[in-house]
Each structure stands twice: as C-alpha cells, then as structure tokens.
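Use the sequences and the hints to build the structure in full.
Residues in the sequence shown are numbered from 1 upward in steps of one, following this note's numbering.
Hints are computed from structural coordinates only; laboratory data are not their basis.
Simulated pairs of lysine to any residue, SDA-like, Cα-Cα distance not exceeding 25 Å:
#1 K88 x P31
#2 K220 x S173
#3 K106 x Q71
#4 K134 x E124
#5 K134 x V102
None of the values given here were measured: they were computed from a predicted structure.
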Amino acid sequence: MAHNLGFSIATPPGPHGLDEALALVFSRFDPEQAAEYEAIYRAALQEGTLRPEWVLEARHAGRLLGAAIYQLQPGRTALVWPPRLARKAPRRVAVSLMATMVECLKRNDIRLATSLLNRVDPEERQLLGISQFKHIAELIYLVGFRQDFPASPPQTELDFEAYSPQNHSRLASVVQATYEASLDCPALDKARDIEDVLTGYRGAGRFVPDHWAIVRHQQKDVGCVLLADHPQEDSCELVYMGITAPMRGRGWGRQVVRWAQWRTREAGRSRLVLAVDAANYPAVALYTSLGFSAWDRRQCYARLLGA
1 MAHNLGFSIA TPPGPHGLDE ALALVFSRFD PEQAAEYEAI YRAALQEGTL
51 RPEWVLEARH AGRLLGAAIY QLQPGRTALV WPPRLARKAP RRVAVSLMAT
101 MVECLKRNDI RLATSLLNRV DPEERQLLGI SQFKHIAELI YLVGFRQDFP
151 ASPPQTELDF EAYSPQNHSR LASVVQATYE ASLDCPALDK ARDIEDVLTG
201 YRGAGRFVPD HWAIVRHQQK DVGCVLLADH PQEDSCELVY MGITAPMRGR
251 GWGRQVVRWA QWRTREAGRS RLVLAVDAAN YPAVALYTSL GFSAWDRRQC
301 YARLLGA
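Now the structure itself:
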C-alpha cells in the first residue's frame, strides 16, 4: 500500500471495495456488458482464477478514485485491465495505479502482459504508451457453427499426428517455424521462450492431447494445429494454427481449419471460436469462406517484461 501521493493504493481492496473496484474497471462497457463482466470476475474470484490481490484500488479519504485489474495466466503471461478513474479524479492516479500494477507483474515473473480493449480513448492510449504498452494488433473474434463443420474426416493429403510427450520437442520446433514471416501478431510470440508460449496455449482451456496435432506431409513436419476445449460454453477454441513458411500457398491452411472444425464436431461442441489479427487478410478471408463470422473486435496492447 502506498500513501505518499495524496491518495493510497491498496491491493487487495477491502471486502466492500472489491465490488466497487470491479464496477469502476468495467464501467468502460455499456451497462449490460459491464454487468456481464462483473459477474464473470466475481465468479472467477469464487473459483480462484482471479485473486483479490490482483485488484488494485486508489482512495482518498475513503473515496474510490481509480481501480485496475491484472490476471496472471499460464506461460508467464498476464491480462491487464488498465485503470479507470472516478469522476474528477486526477490523472496521476491512473499513472500511479499502472506503475504499481507493472511492479506487481514483475514480482510475479511475468514476461508478457497484454490488454485487450474494446475501445481506447486518447488519454488511455497515452497512459498505455507511458507505461510502455505498444499497440500490437486489432483482433477480430470469429465464431463458426456446427452446421458448417464436416461430418467426417476431411479429405486431405496431410497427416495429423496427435500430441504426446514423446513428440513435444518436435511440436515446439514446428510452432517456432510457423512464426517465420507470419502475419498474425508477429511482434508477440516470436519474442518469447517457446516453452512459455506452449504453456500459455495449453492453459487456454481444457487440454485434450488429441486436439493438438503436428501437421505432416510426406513424413515431414509442416505445421501445427492446437485446439482448447471449453465445455461450459459448448465450444472449442482454435488457439493456434500455422504452416511453415516454405510450405504456404498450397491450400493447406484451409485443410487444417477443416480438420479443426471436424474435431470440434467430434468433441460434441456446437461452436468453434478463434481470434485473428485483422491485418492478416489471407487468414480473415479463409475463415470467412469457411463460414466464420465476426462477433467482436479488440485492440491488443502488449508489453514484454523481464529478460
């Protein structure tokens, strides 16, 4: 807790302050969405996927001036909700909250912090810049439905070798190889340790080894496809897919997505969801041609921390 700025920053907030802090952080959304996020994060507190100490608040004379949230995730990553200020609160409150949050991330050995925002006003953009968060991408969130999925394994010249501990090192190598000349958030994963990246992918949902595959052609590793299961949402998530640079342009990306759709159907899920960099025009066109439609967009800001 800091008291030397004319206001105090505390984490975690007091019991009643927690609800007030959540409400302020999610006031960036319209009332209906804000209520949904508050409910999600209250449930996360109950489940332990969000800890009270990851919620920061700034107060003066008992009045809440600002609040922020960070959420530690697998692979030494964290999701950050930047500070939101109460009406007439001084801007330096947001700067101090952000600086305190970054220090908390460093103490937790976080290597990558990301912020996924529905909209960013000029003041928030400036705050993110001061805090060394760079705009990485505009992400489009897509969803495809069961009626568009193959009912049987798609016809393909590719082989899909299920993940196992025995082929882990090969998977790591091929994932890294797919980042070469990639159009999908190229500034992020390439800069991180591959084991952190894979741990992050694995933590995206319920891990099913058969839903991760090394893509092969004529006994050579040419790509990968990684799905996560989300039973409560009746969906699978295409966490990552890629083809190595020398093997692109052969229509294999389409075949890999069709395999992912089939796998989702086989798992009994009704939806396949994913996020794609809006600047990756070929991927956006591919997904659209296979029946996916956009349901949300977010601005992705990120900061690499530590060594």
